[in-house]
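As a plain string of letters, each chain reads:
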Amino acid sequence: MLELGTPDQGMLGRHRLLVWVLCCLAITLLLAFGSLIVGTSSIETSLGWLVRPDAESSVVLWQIRLPRTLGAWLAGALLGLAGGIAQGVFRNPLAEPYLLGTASGAALGVTISLIAVNASVGSFAWAAGLGVTGAACIGAAGATLLTISLSRGVLQTGSLLLSGVVVAFLLGAITQLLVLSRFEVWRSLQSFLFGSTAFLSWSSVELLGAVLCVSLVPAVLLARGLDALTLGEDTAQSLGLSLPRLRLALLGLVSLATAATVGQVGVVGFVGLIAPHIVRQTLSVNHRQLLIGAPLCGGALLQSADLASRWILRPSELPVGAVTACVGGSYLILLLWRRSRHG
Amino acid sequence: MGEPRPTGSSPVSPAAGLDAPPALACEDLYVGYGAHLVLKGISVEFRLGSWTAVVGPNGCGKSTLLRALAGLEPARSGTICLQGRALSSWPRRERARRVAWLAQASSLTDLTAAEVVGLGRFAHSGWLAHRQVEDEAAMYRAMMATGSLAWAHRRLSTLSGGERQRVHLARALAVEASVMLLDEPTTHLDPPHQEDVVRLLREQARGCGVSVISAIHDLSLALAADRIIVLGYRGLVGHGTVAEALAGDWLSAAFETAVHVIEHRGVHLWRPWLETGPSPQHPRSSP
Chain A
1 MLELGTPDQG
11 MLGRHRLLVW
21 VLCCLAITLL
31 LAFGSLIVGT
41 SSIETSLGWL
51 VRPDAESSVV
61 LWQIRLPRTL
71 GAWLAGALLG
81 LAGGIAQGVF
91 RNPLAEPYLL
101 GTASGAALGV
111 TISLIAVNAS
121 VGSFAWAAGL
131 GVTGAACIGA
141 AGATLLTISL
151 SRGVLQTGSL
161 LLSGVVVAFL
171 LGAITQLLVL
181 SRFEVWRSLQ
191 SFLFGSTAFL
201 SWSSVELLGA
211 VLCVSLVPAV
221 LLARGLDALT
231 LGEDTAQSLG
241 LSLPRLRLAL
251 LGLVSLATAA
261 TVGQVGVVGF
271 VGLIAPHIVR
281 QTLSVNHRQL
291 LIGAPLCGGA
301 LLQSADLASR
311 WILRPSELPV
321 GAVTACVGGS
331 YLILLLWRRS
341 RHG
Chain B
344 MGEPRPTGSS
354 PVSPAAGLDA
364 PPALACEDLY
374 VGYGAHLVLK
384 GISVEFRLGS
394 WTAVVGPNGC
404 GKSTLLRALA
414 GLEPARSGTI
424 CLQGRALSSW
434 PRRERARRVA
444 WLAQASSLTD
454 LTAAEVVGLG
464 RFAHSGWLAH
474 RQVEDEAAMY
484 RAMMATGSLA
494 WAHRRLSTLS
504 GGERQRVHLA
514 RALAVEASVM
524 LLDEPTTHLD
534 PPHQEDVVRL
544 LREQARGCGV
554 SVISAIHDLS
564 LALAADRIIV
574 LGYRGLVGHG
584 TVAEALAGDW
594 LSAAFETAVH
604 VIEHRGVHLW
614 RPWLETGPSP
624 QHPRSSP
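Protein sequence lines correspond, in order, to chains A and B. 1 is the number of the first residue of the first sequence in our numbering; add one for each residue after it. 344 is the number of the first residue of the second sequence in our numbering; add one for each residue after it.
To be clear, the hints were calculated from the coordinates, so they are not data collected in a lab. All figures in this text were calculated on a predicted structure; none of them were measured in a lab. Wrong hints could be hidden among the right ones.
Incomplete in silico selection of chain A near chain B, CB under 10 Å [what the hints assert, rightly or not]:
hint, residue
1, Arg91
2, Leu221
3, Arg224
4, Asp227
5, Ala228
6, Leu231
7, Gly232
8, Glu233
9, Ala236
10, Ser238
11, Gly240
12, Ser242
13, Arg280
14, Ser284
15, Asn286
16, His287
All C-beta atoms, glycine included, are put in the ideal place defined by N, C-alpha and C.
All chains, please: the whole structure from these sequences, using the hints.
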């Protein structure tokens, strides 16, 4: 009998996924190494630190740079996962993790907490306390709930998208009003709105890692439901799926992943949108492969953006969100150009 | 084409007789969208081992009837019973194992044909997609029967419309349900493949004891069915054997114009009436 489960995919054959995953991991390791030796000190100094560690260098390497690159990878992985799920649930390749209003909800939460503690001591303040992270998570979760209740459940993806946009505008307007009345929070809020990997610590790594484990496993288990959804909602239902439950579970995962990420690195755009696209372009996929591939890809993307943000203007830094926006935007333009050329 | 196979979850021989509850039945069914009622008090029943064609003009509610019978469209009033038990009271997966559904237009997907057909086994294998031997066997039989095995590993988006339709048909077959609801299964197919599909439906009904219900546009193909449901704009025109439908001239009543059917060596064929001038009063030629 023919092997139905293992597509013959050219030279790489059935090991295609494995090869792909190994490539991603190799890139990640290279980027991690790069992250360790790029910083405010020169590369030669950093290499020297790696060879001959001392007390000061071990703090820089293992307490600052390593958690930063690991945290960037985890945040990117979560965004990639959330993007992959969102694109599957909405059956729209332009869906992204923030479309339920999570980003603006988190921004509002952060603004309120900044005003509350009157954190005018500098842009580090927002990431210093868990209070701000918590506020971002609560804001993101609140925005998701608001979106879902505005669209009266998850039955209609169209109205869900629309209410996501409405919630984003509404919460954005409230945030701006608050910022106008208390302008001293603007600078701290700015690094949050651009997205920044500069404040990642081991505790953020632990949190993001835990959230990734908690959300990746159910997402991969539910991937078959997303496959069925590509056949159309009716067909999926006739196959024995409960669409409302599936959507609710998956959107819950999206907002969990996004809230955790936004709380740690702020609003980093484009990673969640681009990572699933890259996986689809390089690995012919069902959703199980997509939801395994997109985190790996998103992780490497944010890691490299983090590295680039430190490299370009060294010894000073760019906001990582600016880098992802530039790279992601150009990638989208390339995609559009290729599509229009191929008709 | 195809080989006899046991029906999936409820093996009932075609000869189970009329004492058993019908495989699927609806009574006094009202279904509508918004203020517009499409089905007004339809009562029909379907037996195992018979193939029923649903015909009628565009917009008369063929698809709506099939969707309602598949549990995809809520009934305003009336009941739908699967094996004598209310359709809505069946657990979702149990129901999905007994009723297979094929949409009129399927959306594009990047999955491979084998993956699509594998989804037909969802109600059996569940979330983990751990395919058992019988799942693989059902997929294989379904793809053999529809002739889609050759492109098992091609992405659906790279197939032609007809090839895609056959993969979707294989997906519906792979469920191995006792009731198959097919909305226009012959769309996008060239005539020889339409023949294949119709032969397959008949085989499913007569050989495997499945209750096959399909909306079909082509009247000649529909007249090859065991039973026929004729829907008109005002509701159900008739439900019975093809002979009854022809005797009562249900088709002309449903389409509100003379429909000409000729008989050729025991086969009923729709004859397009292209001549100008008045069409004969009794369009059906006497046997």
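*Would the stated hint for A:Gly232 survive a check requiring a Cβ distance to chain B of less than 10 Å?*
Result: holds, 5 Å to nearest chain B Cβ.
*So, A:His287 near chain B? Judge it on the closest CB pair being under 10 Å.*
Given a least distance of 9 Å, the restraint on A:His287 holds.
_A closest beta-carbon separation below 10 Å is what the hint needs, so does A:Glu233 meet it against chain B?_
The hint holds - A:Glu233 has a Cβ within 10 Å of chain B, the shortest such distance being about 9 Å.
_So, as I understand it, the hint says A:Ser238 touches chain B; can you test that by seeing if any CB pair is closer than 10 Å?_
4 Å, holds
*Given A:Asp227 was flagged as interface, is its beta-carbon under 10 Å from a beta-carbon of chain B?*
6 Å, holds
*Does the CB of A:Leu221 sit less than 10 Å away from some CB of chain B?*
6 Å, holds
*Would the stated hint for A:Gly240 survive a check requiring a Cβ distance to chain B of less than 10 Å?*
At about 3 Å, which falls below the 10 Å cut-off, the nearest Cβ of chain B leaves the hint on A:Gly240 intact, so it holds.
*Interface hint status, A:Asn286 versus chain B (Cβ within 10 Å)*: 6 Å, holds
_Restraint check, 10 Å cut-off on beta carbons, for A:Arg91 near chain B_ = The hint holds - A:Arg91 has a Cβ within 10 Å of chain B, the shortest such distance being about 8 Å.
*Does A:Ala228 meet its interface restraint, that is, does its C-beta lie within less than 10 Å of any C-beta in chain B?*
With Cβ-Cβ at 5 Å, under 10 Å, it holds.
*Per-residue hint verdict: A:Ser284, partner chain B, C-beta under 10 Å*: 7 Å, holds
*asked:* Checking hints one by one. Is A:Ala236 an interface residue toward chain B, by the C-beta closer than 10 Å rule?
replied: 8 Å, holds
When each numbered hint is compared with the structure, no violation occurs for any of them.
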